[in-house]
Amino acid sequence: MAPRNTLSDTGATVRSGAAAAAACAVLPCREKEREQLSALRKHHEEEIDHHKKEIERLQKEIERHKYKIKKLKDDD
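Residues in the sequence shown are numbered from 19 upward in steps of one, following this note's numbering.
Quick caveat, the hints were computed from the structure, so don't treat them as lab data.
Any given hint might turn out to be false.
Each pair of labels, with its calculated beta carbon distance range [claimed, not checked]: (1) D92 <-> A57: 49 to 55 Å; (2) E79 <-> C47: 30 to 36 Å; (3) A57 <-> Q77: 27 to 33 Å.
List of simulated lysine-lysine pairs, DSSO-like, C-alpha gap at most 27 Å [to be verified]: (4) K88 <-> K71; (5) K78 <-> K88; (6) K60 <-> K50; (7) K50 <-> K71; (8) K89 <-> K78; (9) K71 <-> K91; (10) K78 <-> K91; (11) K71 <-> K60; (12) K84 <-> K70; (13) K91 <-> K70; (14) K70 <-> K60.
From the three backbone atoms N, C-alpha and C, an ideal C-beta is built for every residue, glycine too.
Please take these sequences and the hints and turn them into a complete structure.
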């Protein structure tokens, strides 16, 4: 059997024009893409917010430990 070199040899379907438009029949492709980008943006904004809160928590913990060290030095 000869090696498969083209998409048509592999049995893959290539859509163009009206067939590609029909593939996005539920939502227009651009609208679906916009929704996906919006969801991704929201996800990253939530991640950033989470990390900011974690940074604030760690900064408070650092300050608390600094205070403890200072207090121990003052007690000497």
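So, going through the hints one by one against the coordinates:
1. Under the hint 49 to 55 Å, the C-beta atoms of D92 and A57, about 53 Å apart, fit the expected range.
2. At roughly 48 Å, the beta carbons of E79 and C47 sit outside the given window of 30 to 36 Å.
3. Distance hint check for A57 and Q77: the Cβ-Cβ separation is about 31 Å, which falls inside the suggested range of 27 to 33 Å.
4. This hinted pair checks out: K88 and K71 have alpha carbons roughly 26 Å apart, not beyond 27 Å.
5. Straight-line distance between C-alpha atoms of K78 and K88 comes to about 15 Å, which keeps the hinted pair within the 27 Å bound.
6. Distance hint between K60 and K50 is fulfilled; the C-alpha atoms sit about 15 Å from each other, no more than 27 Å.
7. Between K50 and K71, the direct Cα distance comes to roughly 32 Å. Violation of the 27 Å bound is thereby established for this hinted pair.
8. A distance of roughly 16 Å separates the Cα atoms of K89 and K78; the hinted pair therefore holds under the 27 Å criterion.
9. Our distance criterion of 27 Å between C-alpha atoms is broken by K71 and K91, whose separation comes to about 30 Å.
10. A hinted pair counts as satisfied when its Cα atoms are at most 27 Å apart, and K78 with K91 qualifies at roughly 20 Å.
11. About 17 Å separates the Cα atoms of K71 and K60, which keeps this hinted pair within 27 Å; it holds.
12. This hinted pair checks out: K84 and K70 have alpha carbons roughly 21 Å apart, not beyond 27 Å.
13. Distance hint between K91 and K70 is unfulfilled; the C-alpha atoms sit about 31 Å from each other, more than 27 Å.
14. Between K70 and K60 the alpha-carbon distance is near 15 Å, which keeps this suggested pair within the 27 Å criterion.
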